[in-house]
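Visitor: Those sequence lines, one after another, are chains S and C. Remember, the working numbering sits 240 above the position in the first sequence when you count from 1. Remember, the working numbering sits 667 above the position in the second sequence when you count from 1.
It is worth saying that the hints were derived from the structure and are not from the lab. Any given hint might turn out to be false.
The calculated EDC-like cross-link candidates involving lysine to aspartate or glutamate, where the alpha carbons are at most 20 Å apart (straight line), are [to be verified]:
#1 Lys930/S <-> Glu977/S
#2 Lys720/C <-> Asp299/S
#3 Lys577/S <-> Glu560/S
#4 Lys785/S <-> Asp829/S
#5 Lys529/S <-> Glu560/S
#6 Lys936/S <-> Glu977/S
#7 Lys930/S <-> Asp773/S
#8 Lys800/S <-> Asp777/S
#9 Lys720/C <-> Asp994/S
#10 Lys709/C <-> Glu267/S
#11 Lys549/S <-> Glu521/S
#12 Lys709/C <-> Glu279/S
#13 Lys930/S <-> Asp777/S
#14 Lys720/C <-> Asp808/S
#15 Lys529/S <-> Glu501/S
#16 Lys245/S <-> Glu745/C
#17 Lys785/S <-> Asp773/S
#18 Lys936/S <-> Asp1090/S
#19 Lys720/C <-> Asp300/S
#20 Lys800/S <-> Glu977/S
#21 Lys905/S <-> Glu890/S
As a plain string of letters, each chain reads:
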Amino acid sequence: MPDWKALVRARLGPLPVDPARQADIVEELAQHAAEHCAELVASGMTEREAIAAALAPLDDRARVATDLARADRPRHAALSPPATGGSPAGAFARDVRYAARLLLRAPGFAAVALVTLALGIGAIAAIFSVVRAVILRPPPYRDPAGLVTFLNSRSEAPGAITSSSLPDYQDWRQRLTSFESFGVLSGWTFNITGLELPERVFGARVSGSLFRTLGTPPLLGRVLTPDDDRPGDEVVVLGYRVWRRLFNGDPSIVGRAVMMEGRPHIVVGVMPPRFRFPGDEYELWAGIKDNMDGMPRNSRFSVAVARLKPGVALSSAQAELETTTAQLAAAYPDTNKGWRVTLAGVQEAVVGQSRPALVALSAAVGLVLLIACANVASLLLARATSRRRETAIRLALGASRARLVSQWMTENLLLAALGGVLGVAIAFAAVRLVVVFGPRDVPRLDETAVDLPVLAFTVLVSFAAGALPAIAPAVRMLRESSASALKEGFGGVATAHGRGGAALVVVEIALAMTLAVAGGLLLKSFSRLSAVDPGFDPSRVLTLKVFLTPPRYRSVESEKQFVRATLDRLARVPGVEQVAAISSLPLGDPASGQPFTIDGRTFAPSQRPNFDYRAISASYLDAMRIPLRRGRRFTDDDRENTARVLLVNEALARAFWPNQDPIGKIIRPATGYPRFDTPHTIVGVVADVKSLGLEKVERPAVYAPFTQREFPWLRWNSFVVRTRGEPESYVRIIRQEMVAIDPLQPIYQVAAFDTVVSQSIAARRFNTALIGFFAAIALGLCAVGVYGTIGYWVAERSREIGVRMALGASRRGIRAMVVGRALALTAVGAGAGLVLSAATSRLLETLLYDVHRFDAATISTVALIVLATGAAAAYVPARRASSLDPLTVIRGDS
Amino acid sequence: MYDSYICCLPMSTDRELRKGSAETLILALLEERDRHGYEIAKLIDRRSDGTLKFHVASLYPTLYRLERRGLIQGRWIERAGVRRRRFYRLTADGQRTLDAQRRSWSAFFAALNRVARIRHA
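Isolated chain S (complex conformation):
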């Protein structure tokens, strides 16, 4: 008689249970084997064969040990891995294969769910790429959090931010102790010559300390240092783009001289591609040297930055700055009283303006994703309902609930993973479109890319989008008792999906309605904005700019000569009706504010008038078709040696002479230089034009004859050329004429004025198009949701519909019933959407123009569209319902 226990123990090996329990198990199995063996011997087997046969089932030692241990484990632990044997990885692979087969078996469901998920995930991945590039991604400066910039504003208009003045900067640098280093720059347009064609490049004159403060290492050569501020060679650091564009990325450029502003500048370094400061448009940084000496304290055109000392909080630096600001205001009341200076993080200052639009866009895309999730949840709920029978039977047959849930989740995660892959493809395409067609004035937009962090984010979103909608159906699947599900399952009616699906569709419609209202408001706002009369006639007008710089145009007189020559020469071009010059082009150039005094009136220093100043040629008003309201135009008799005259716009006349005639009044520039601050007589009032933006209220402005223009710091010039035909067709000949006037003088931004106007609202057009696009996707997804839910509702009620038809209901009546159901759902959703959009439209307020955020016409139109979408989506199920054969349905064969 063998020692059965020893034999069994040897085969099992140690079990992961306590020793007493192991002894019990071994004893029980040994008895079984012994009895089995005895029976086999009794039936004629040799003892040796019988022992082998009785123990044979224990030969797969690992499997038996696992089975025993798992069966014997405490209850909670038994819920974890699927009891299908093999490794967890193997079980997962099986689940994935199974899930793939199920999806292939329901291609309609799979396609709709995939497209829905892909659209939602793709949209959110694309917009996340943009938000990351523009807002989230730290700029390539050392410790960007410690970098601050100085924002100046008038106390009475804290929203109107301007840059800093150089004298103020020098004082800050000497007095403030919160910072370890400072830097300053002034935007500067450089004419680069010695290339094939003269080029105009925007960049800056920067202090040698700027690069040390920013802390970005160069790509080639070196950055500027404080040593470069001393007299000596002019030096320049090139930006990556201009290095590629003008110098073909030549690595030997370092050390070479480039003719800028007519003087040789030694290229000392090239910055890496991502470096930009303070904005995208700055392409090179030249040493400041003495180019900025003597700038008055009230010309605030320079960007000042500083790096906080380690451990100094922004708030304490701000407090110190306020003390200094007060001291400066006391010392220089004429220029500094009433000015506030605030510190802002550099990144915030650069991207702050883009934030509201990006927040609104992200919210819109978030809504699209939520709608997509709701749609998928609704689809899954329907699917779970239709699989109740399968679930019930498997539960009855002893499948563990954990196993079922894990399979269900595997299925949904597979969907999500596929949706995520498609979504990434969509994101790639969308980002490409954004980079190519996005507005130029959004900083760093061109850095947008689907990179690793975006992919990681997409993976997270995909899994959330796959797992979240699956939870509700999974819970319900588990709650049901198998017996009741079996009964109901075979009976064929399941109403649970009806309720859950309807709720989801209502949520979807509410979200889509919110988005559509936003889209509608933006669209209306955009169409109102596009219809705004700019106050001049931009059609058939070509604009071009020149920036006249030393040494060829060192004196104001030489600039005037250039303007005269250009006016003369272009006027003689066949097909040109009129030519005019202006110092800053409406909608195309920033304003140049100039303080003034008014004779006979006194103003507190903080109230001192500040007018937009534009020097124009006598032909300007006619060429631009700007109406004269009173008085006279400039003529060729307004020369530099005649009495100083000005035209004012209606905004100025209204503000300062509300009930009087401003003509004949005397005003004086307040530059602080006696030779400029001479009396000027107002000789006419012209209509307001939209010079700063179609949505902006026009500021008080003066026009001076360019012949009487004296300020040396206003050296930019634009020309407008009114043509008989298409303005673009004159570009070539006008370029030739300009080369004839001065072969070394670049001209730039040659464009039809219509294009300039259109570009001034490009960012709004882009935002509107995007939100409108997302609203359309949302409505499309809703249509799918309504279609699915109503389709299910019809399927559930096919017997009821059959009975109704058998009792005489018309097919039309049935269709009306189904569409009515859809309309009821849609109406509830639209109502909820109204409440939601009322609550969220505040986000939009800054983006709207001349449209109230509760605009009744827009909201009711959108509501109608949403209802129509709901009704249209129900049409197919309604037709299906009305074409049911009552007899078949009632018999239950359908």
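Please build the complex by placing chain C on the supplied structure of chain S, with the hints as guidance.
Guide: Relative to the frame of chain S, chain C by itself:
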């Protein structure tokens, strides 16, 4: 789009079916009286004319699982002159589960019969 498809049993169902039916068989045998493992295996073999077989490696995990779920209860019984044996008894929970499983199986077979004309018993 929501093709409601006939309940499709996955690959693993065969295993679950066997597991589920094994449990039902054991519960049913214990409904008659308390039995020890070897007796259960023998009875299943005999009553199914050898169609269903349990061996030592498949029977005891099932018994332990049922015991763990509180459907049966095992205890060692010693009698004079006989080796001690572990006998299993059906619990009240076990009885309820057995009843429910009988109903499910009836429904299942009724359905199979309606659909595939498979008659049981």
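Visitor: Confirm or reject each hint.
Guide: Each hint, compared with the structure:
A distance of roughly 30 Å separates the Cα atoms of Lys930/S and Glu977/S; the hinted pair therefore is violated under the 20 Å criterion. In summary, the hint linking Lys720/C to Asp299/S is supported, as the alpha carbons are separated by about 17 Å, within the 20 Å threshold. With a C-alpha separation of about 17 Å, the suggested pairing of Lys577/S with Glu560/S holds against the 20 Å cut-off. For the hint pairing Lys785/S with Asp829/S, the CA-to-CA distance comes to about 10 Å; that is within 20 Å, so the pair holds.
As the CA atoms of Lys529/S and Glu560/S are separated by approximately 29 Å, the hinted pair breaks the 20 Å bound. Restraint check: the Cα-Cα separation between Lys936/S and Glu977/S comes to about 36 Å, which exceeds 20 Å; the hinted pair is violated. As the CA atoms of Lys930/S and Asp773/S are separated by approximately 8 Å, the hinted pair is consistent with the 20 Å bound. A threshold of 20 Å between alpha carbons decides the hint, and for Lys800/S with Asp777/S the separation of about 26 Å lies outside it, so the pair is violated.
Using a Cα cut-off of 20 Å, the hinted pair Lys720/C and Asp994/S is violated, with the two alpha carbons roughly 89 Å apart. Pair hint Lys709/C plus Glu267/S holds up; C-alpha atoms about 19 Å apart against a cutoff of 20 Å. The hinted pair formed by Lys549/S and Glu521/S fails the criterion: a straight-line CA distance of about 29 Å is larger than 20 Å. Proposed proximity of Lys709/C and Glu279/S is supported: the alpha carbons are some 11 Å apart, at most 20 Å.
A threshold of 20 Å between alpha carbons decides the hint, and for Lys930/S with Asp777/S the separation of about 11 Å falls inside it, so the pair holds. Under the criterion of a C-alpha separation no larger than 20 Å, the hint pairing Lys720/C with Asp808/S is inconsistent with the structure, at around 111 Å. Taking the CA atoms of Lys529/S and Glu501/S, the gap is near 14 Å; set against the 20 Å cutoff, the hint holds. Among the hinted pairs, Lys245/S with Glu745/C is consistent with the structure: their alpha-carbon atoms are about 18 Å apart, no more than 20 Å.
Note on Lys785/S and Asp773/S: the hinted pairing is violated, with a Cα-Cα distance of about 24 Å set against a maximum of 20 Å. Only pairs whose Cα atoms come within 20 Å are accepted, and Lys936/S paired with Asp1090/S is accepted, the gap being roughly 11 Å. The hinted pair formed by Lys720/C and Asp300/S meets the criterion: a straight-line CA distance of about 17 Å does not exceed 20 Å. Straight-line distance between C-alpha atoms of Lys800/S and Glu977/S comes to about 17 Å, which keeps the hinted pair within the 20 Å bound.
Of the pairs offered as hints, the one joining Lys905/S and Glu890/S holds, with about 14 Å between alpha carbons and a cut-off of 20 Å not exceeded.
Checked against the numbered hints above, the structure breaks hints 1, 5, 6, 8, 9, 11, 14 and 17 and satisfies the rest.
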